[in-house]
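K.L.:
Position chain D against the provided structure of chain S, taking the given hints into account.
So the sequences go chain by chain: S and D. Last residue of the first sequence: 448 (the numbering used here), numbering continuous. Last residue of the second sequence: 1157 (the numbering used here), numbering continuous.
Keep in mind that the hints are not guaranteed to be accurate.
Said to hold, decoys possible - Each computed DSBU-like pair below joins lysine-lysine, with the alpha-carbon atoms no more than 35 angstroms apart:
| hint | chain 1 | residue 1 | chain 2 | residue 2 |
| --- | --- | --- | --- | --- |
| 1 | S | Lys62 | D | Lys1024 |
| 2 | D | Lys1024 | D | Lys1036 |
| 3 | S | Lys421 | D | Lys1029 |
| 4 | D | Lys1115 | S | Lys402 |
| 5 | D | Lys1115 | S | Lys62 |
| 6 | D | Lys1115 | S | Lys182 |
| 7 | S | Lys95 | S | Lys257 |
| 8 | D | Lys1024 | S | Lys333 |
| 9 | S | Lys171 | D | Lys1036 |
| 10 | D | Lys1115 | S | Lys421 |
| 11 | S | Lys421 | D | Lys1007 |
| 12 | D | Lys1029 | S | Lys62 |
| 13 | S | Lys333 | D | Lys1033 |
| 14 | S | Lys333 | D | Lys1029 |
| 15 | S | Lys333 | D | Lys1115 |
| 16 | D | Lys1037 | S | Lys333 |
| 17 | S | Lys62 | D | Lys1037 |
| 18 | S | Lys77 | S | Lys257 |
| 19 | D | Lys1115 | S | Lys372 |
| 20 | S | Lys73 | D | Lys1115 |
| 21 | D | Lys1036 | S | Lys333 |
| 22 | S | Lys372 | D | Lys1007 |
| 23 | D | Lys1115 | S | Lys138 |
What the hints assert, rightly or not - Computed footprint of chain S on chain D; a stretch qualifies when at least three of its residues, placed anywhere within it, have a C-beta under 8 angstroms from a C-beta of chain S:
| hint | segment |
| --- | --- |
| 24 | 1051-1060 |
| 25 | 1073-1087 |
| 26 | 1094-1106 |
| 27 | 1110-1124 |
| 28 | 1134-1143 |
Said to hold, decoys possible - Only part of the chain S face toward chain D is listed, based on derived beta-carbon distances under 10 angstroms:
| hint | residue |
| --- | --- |
| 29 | Arg47 |
| 30 | Tyr65 |
| 31 | Arg66 |
| 32 | Gln67 |
| 33 | Trp302 |
| 34 | Asn304 |
| 35 | Lys333 |
| 36 | Ala342 |
| 37 | Phe378 |
| 38 | Lys384 |
| 39 | Arg423 |
| 40 | Thr436 |
For the record, the hints were derived by calculation from the structure and aren't laboratory data. The beta-carbon is built from N, C-alpha and C at its ideal position, and this holds for glycine as well.
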Amino acid sequence: MAATRKIKYLIIGNSAGGIGAAEAIREVDKTGTITIVSDEPYPAYSRPLISEYLALPCPVEKMAYRQPDFYEKNNIKTLLGEGVVQVNPDKHTVKLENGTTLGWQKLLLATGGTPIFPEMEGNRLKGVFTFNKLDDAKAIDGFLNQHRGRVRAVVIGGGLIGASVTEALLKRNVEVTIVEMKDWVLNTILDEEASVFEAQALVHAGTNIITGHTPEKINSYLPGEVSGVTLDDGRVLPCEMVVIAIGVRPRLEVVSKSGIKINRGIVVDRRMATSAPDIYACGDAAEAHDFVYGENRLTPVWPNAYEGGRAAGLNMAGKPTEYQGGTAMNALKYFGVYIASAGLVTPPNDSYQTLINRYDGIYRKVIIKKGKLAGMVFAGDIEKSGIVYNLMKDGVNVRKFKEVLVADDFGLASLPESIWKDRLESSPPEGVPVVTSIEEPEELVIGD
Amino acid sequence: MKKVYVKQDVCIGCGLCEVYCRLKHSRSKDLIKAYKKETPRPLSRLRVDESGIVSFSVRCQHCDDAPCIRACLTGALSRDPSTSLVVVDEERCIGCGTCALACPLGVPKLDTSQKKMVKCDLCQDEELPVCVANCPNEALVYADVPDEILKIGQVTT
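Excised from the complex, chain D in its bound form:
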């Protein structure tokens, strides 16, 4: 599988990744409507964290050993066997936020109006995730995950 990697040394925190993510998840696919008119407001699945000159965008890493799946109270979170992505079944999600408390990156986004959690699916219907495609500095790269991927998780052997 592929992942989005962040080259934080060239990220300037412009936030365009967030803008395009929100646009992607809007109904109108129109920037101004997406930001100012749509209700419920479309939500970006990623966020940009900044501190001084350090900035980078943060999204679901689809961890090999995903703590959110294990913590999920309803079974709404699971790994899609065909894509290896961590996916949420919005029908079964109650938006309780337990995944947000379990995630080391704090990325699960709570859609408070729909009472659902929403998350990054790496834009499965696009050639390239829109955040990567629209990063003006090439600070986001989409690359294959090497076999010996870093695991974020809890059970150690």
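Okay, chain S solo, but in the shape it has when bound:
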């Protein structure tokens, strides 16, 4: 196949990373052919919305991540519902499940993550689900619709996916028990104290939470159907369905025999390039720069997938761009409890300094190492969390003003002038007409 016949930009994956790359490519290259291939049959949808979908099933269009004319307007060809079997870096081709071979000039691996599915007796029974994509939500919805009477569910894993599915199931009047192996729920993204905020909200909404235990097996009395879960202490939790939510791992099947360097995920440099020429990777599948750790790590969160995809796309289109890096970052609002966290949530050793403030149901914590922010947790009020997150992302030395970061009256004005001036863009430009009040203020409207 002649090089000109090859797709200029082939993107595997049609979610945050793939779309971020396609949008970036089109900023630089308006005409080069772009094809997005995905094994999911839908236009890009917001994956975090699958919880809202399960709570209240709606047309898929309502979950669309982009406007309906997105692909057409950007001249992007899609191959949806088509799985990729294998990538061949030397020939610059990919092989699809339907037998077709596609040639490409630049390739992006935005293959995402897949739920970790433990080997456990009963894990193939009807009524055992994962919760990672729209079809998972549809499958659970279908299961619930077939059941009469109240369904009981055991959710294995009290992380983000477990909490998301729990919130949706409760809205569907399912009785939920979360089984979390560690000592508190959401332990990878919250410290113990902030976790209590969420745990209380979950319990208040009717969830049973069991921490410090793992399931041994999924039981079945009627052939093929779930009847309960047996825990490691012998306890039996009767239930009709199980959701396995212990985490995700990068989807690496398509590159498994390609020779592309893989650690826990596909290893990329600061330009999001893999070890193979012309091949880039981003999102949950990639191990990219984490600015808190200063090394490559998996940070499977949506905003980082988009940012990494964007950096990859710019580089693919010939605009040299460095990925600033990401870190674990999450904003949650389960059951109306607002929490934002990023980076470390508990200091790994005593070389870190922790500052905490608690007032009026609000909790603020920052973790500092060598003058720089390494982590943060804001609970109860997260509106100014972005100020702190960006100080962390930009590597600003906060030693001289660290106390204000958790203060009750924290705001931009609490920071040194050089920082807020830079952030605020506060000086009106010179030489352009400026307008302030054009007339006398109207009379105040008071009462009737």
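P.N.:
Just chain D now, kept in the frame of chain S:
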């Protein structure tokens, strides 16, 4: 496009910008009702930050390279091609707060009762944003953004 600029050396932190912003986004357009009676409570899209004698009001800067748009989980945030403003589609917003965590100014406002994020649109239906029009000290100015605008963002080239 135009932007609101803050002259913090003449801002006295009176908070009238916030008052008028809230009034503007109330249903009643009546100060006392807006503050004391309306539910859900109308929200100001801007806030006044103070520390000692330093004060200024902070609102969406409609950044050229907006981190909130890129971070948005649902695609509810986007740039309006006709006005260049960063706009939120309240139908698609779930109020998760990811934009608040991504914004260097921390300006996305979360309407917790509606479970939506609300933001400044520079009062598109007014001649002048109400915060600017009602600032007693002319500490807020509405001016064209010069071409080589300062970018707040992450991808460096």
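K.L.:
Decide, hint by hint, whether the structure agrees.
P.N.:
The hints, checked one at a time:
1. S:Lys62 to D:Lys1024: holds (29 angstroms)
2. D:Lys1024 to D:Lys1036: Holds. Lys1024 of chain D to Lys1036 of chain D sits at ~15 angstroms (cutoff 35 angstroms).
3. S:Lys421 to D:Lys1029: Judged against 35 angstroms, a Cα distance of about 33 angstroms means the pair holds.
4. D:Lys1115 to S:Lys402: holds (31 angstroms)
5. D:Lys1115 to S:Lys62: holds (17 angstroms)
6. D:Lys1115 to S:Lys182: Answer holds: Lys1115 of chain D to Lys182 of chain S is near 31 angstroms, not above 35 angstroms.
7. S:Lys95 to S:Lys257: holds (13 angstroms)
8. D:Lys1024 to S:Lys333: holds (27 angstroms)
9. S:Lys171 to D:Lys1036: holds (32 angstroms)
10. D:Lys1115 to S:Lys421: Holds: Lys1115 of chain D and Lys421 of chain S sit about 31 angstroms apart, inside 35 angstroms.
11. S:Lys421 to D:Lys1007: holds (11 angstroms)
12. D:Lys1029 to S:Lys62: The given pair, whose Cα atoms are some 32 angstroms apart, holds under the 35 angstroms limit.
13. S:Lys333 to D:Lys1033: holds (29 angstroms)
14. S:Lys333 to D:Lys1029: holds (30 angstroms)
15. S:Lys333 to D:Lys1115: holds (9 angstroms)
16. D:Lys1037 to S:Lys333: holds (26 angstroms)
17. S:Lys62 to D:Lys1037: holds (33 angstroms)
18. S:Lys77 to S:Lys257: Holds - the C-alpha atoms of Lys257 of chain S and Lys77 of chain S are around 27 angstroms apart, at most 35 angstroms.
19. D:Lys1115 to S:Lys372: Measuring from Cα to Cα gives roughly 33 angstroms; hence the hint holds.
20. S:Lys73 to D:Lys1115: Given pair Lys73 of chain S, Lys1115 of chain D holds - Cα atoms ~31 angstroms apart, limit 35 angstroms.
21. D:Lys1036 to S:Lys333: holds (26 angstroms)
22. S:Lys372 to D:Lys1007: With a Cα-Cα distance of about 30 angstroms, the restraint between Lys372 of chain S and Lys1007 of chain D holds, given a limit of 35 angstroms.
23. D:Lys1115 to S:Lys138: holds (24 angstroms)
24. 1051-1060: holds (count 5)
25. 1073-1087: holds (count 3)
26. 1094-1106: holds (count 13)
27. 1110-1124: holds (count 3)
28. 1134-1143: Coverage by chain S holds here, the residue count being 8 at a Cβ distance below 8 angstroms.
29. Arg47: This interface hint holds because 8 angstroms falls under the 10 angstroms limit.
30. Tyr65: holds (4 angstroms)
31. Arg66: Arg66 of chain S check passes; min Cβ-Cβ to chain D is 6 angstroms, inside 10 angstroms.
32. Gln67: holds (8 angstroms)
33. Trp302: holds (5 angstroms)
34. Asn304: With a minimum Cβ separation of about 9 angstroms from chain D (threshold 10 angstroms), the hint on Asn304 of chain S holds.
35. Lys333: At 6 angstroms from the nearest chain D Cβ, Lys333 of chain S passes the 10 angstroms test, so the hint holds.
36. Ala342: holds (7 angstroms)
37. Phe378: Because about 8 angstroms separates Phe378 of chain S from the closest Cβ in chain D, which is inside the 10 angstroms limit, the hint holds.
38. Lys384: holds (4 angstroms)
39. Arg423: holds (5 angstroms)
40. Thr436: holds (4 angstroms)
In this structure, none of the earlier numbered hints is contradicted; all agree with it.
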